[in-house]
Amino acid sequence: MNSRLWAPCLVFLSGCLAGCGGPIARDCRLSPVEKTFVLSEPYEFTDSAGTGGVCLLAPGVYRCYYMDPCGDYYEAPFTTKREYYFSGNRRGGVYVTRNEPRECRTYVQDNEITHYYGYAGGGGQFGGSGKFVILTKLPEDFLGLAKFSPVQEGASHDENQ
Amino acid sequence: MRTNRMVVVLLWAVLAAGCATKPIPVSPEFWGHTETKVAIAIASLPQEGRVYREGHQGLLDMIITNAMDPGEARCARMLTAERFANITEIFRRELEKAGYKCVVYSEPIELEAAEEVSHDKDCFDRDLSGVFQQTGCDTLMLLQLVGFGTARTYYGFTPQSDPKGCAVVRGLMIARSENEILWDSGRKEGMIREPVIGPWAQEPDYPNLTGAVERAIEKSKKFLLERFFEERLGVDALDGIDMHAGETPEQKKLAETLAHYMQGVETTSAVWMSCSKPYRLTQNCSFWTGAAFRISLDGVEAKIAGSEDGTVVLIQGPKLTTQQTWALDSAFGAIATLFEKHEIHITKVVGAAMPDGTFWGYFLLLDKDGYSLLREHAVSKE
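Respectively, the protein sequence lines represent chains A and B.
Counting along the first sequence from 1, when you hit position 62 you're at 62 in our numbering, and nothing is skipped either side.
Counting along the second sequence from 1, when you hit position 380 you're at 1380 in our numbering, and nothing is skipped either side.
Read the hints as simulated data drawn from the structure, not as lab findings.
Since we're looking at a predicted model, the values are computed, not measured.
All clues stand as given, with none of them false.
Computed footprint of chain B on chain A, listed as stretches where at least three residues anywhere in the stretch have a Cβ under 8 Å from a Cβ of chain B:
hint : segment
1    : 49–63
2    : 71–82
3    : 91–105
Listed next, with one range per pair, are the computed distances between beta-carbon atoms:
hint : chain 1 : residue 1 : chain 2 : residue 2 : range
4    : B       : 1347      : A       : 147       : 30 to 38 Å
5    : A       : 144       : B       : 1086      : 32 to 40 Å
6    : A       : 144       : B       : 1125      : 48 to 56 Å
7    : A       : 38        : B       : 1118      : 36 to 44 Å
8    : B       : 1129      : A       : 147       : 42 to 50 Å
9    : A       : 99        : B       : 1367      : 19 to 27 Å
10   : A       : 144       : B       : 1277      : 35 to 43 Å
11   : A       : 42        : B       : 1027      : 16 to 24 Å
12   : B       : 1199      : A       : 82        : 36 to 44 Å
13   : B       : 1376      : A       : 51        : 54 to 62 Å
14   : B       : 1205      : A       : 81        : 38 to 46 Å
15   : B       : 1379      : A       : 89        : 46 to 54 Å
16   : B       : 1096      : A       : 147       : 25 to 33 Å
Just a sample of chain A residues kept apart from chain B, beta carbon distances all over 12 Å, derived:
hint : residue
17   : 44
18   : 46
19   : 137
20   : 140
21   : 141
22   : 143
Cβ coordinates follow ideal geometry from the N, Cα and C atoms, glycine included.
Work out the full structure, taking the sequences as your base and the hints as a guide.
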């Protein structure tokens, strides 16, 4: 508890960010409320936490299936179109915090292909922790372009089905 | 015998990964010909779930992990894939909305039993002419749950992660003439993983892990729909996908409680906190471990510390060393429910976050003394 005891740890952890920001893997919970937002046009952003290149979010319905104490995970639609950031095996979407002012970041589900070093031979193999990793902060105009469904307070998924 | 079978399956998986096909998107021409009559069928479902072991494993490691028979393997053998079967109806509804005439082929197709006909990479390699004849259709939509079960990462024979729910799907559209493949969702792409919500090792039924597998199967249906229809998919098309499949009543109640209270949780760094900051905790706060007073509420254990007037409460899970997320959430849910009953209002929740983003504890700010109430539920001496 004494902060002095934590000091050595800080040397190793200084690059990491605590709390509700930063590129971190999160444990999620099922969201009890059905929420969506719709992007009517592709959205362009700079992937500052990744390659630094300009990327596109696909238009379509983003659905919230999971939450954590800080925000909600809206899953991007699966697509084959390679021009979009979430296509092929890259799965994820947009993480929206609930604190005001709300903040939007991309997240990916850790599904990377690992290589198989077994004695049985080489080859590609799927791996990854399956956790959600929060990455690039999206510009503030994103919140204005994404049309969020009205939140139905207390509406559980059972009532919606 | 089971070990041998697992080794064969894993070898097959390695070989299959090398000859995986690339996805083939639906041709724009298909969408222009609504007179096309489409048969929709599923391939026969796997009889039981499977364990997908990922990561760096040699043959000896595989044999050891098979012999250990960890819990996820027992769970996988209990699972069935029946919930995948309604995918045909969902596709039929969406295709009919788009103007196509559809026939759902009622019998699952035994692909292994079908005659092998072609090795052309653009053509389907099994003879399904019987299906075309029976349905009188021009194209066949074949939806296949290739496998399902649990996925876990290993290094050698040591698990590197908790198991996840897993489903592997592939969708194909095949033309009657020449068996040409008109759409292929891909062999590699259709692997869906779902996290387990809460602890997974719950013998004998493994409800949380089973739930994750069920959600993976549901999400595999979503994957096929989105891959086929892409931007043509209606907003309500996914309403039939039950992303809360396998959710236990406890999970549901807890999620509702968390969603109610966690409307923007502020965070503080657990690295910098102490018994005097960010809040002065004078009751049961330990120099070494934080909250030190152990309580139990309806079987949910937690550790607490409090401010002098009892209006600030620090809650932590019962153990310091293990994965705490579910235990901490459960403790929060039980305490919030108790406070609701006694009309003690939580005015603010502040999460104490570790550098990896996991929460180590929550500070609850209350409108009156709630700490004294919690102390009535002590399970051990201070």
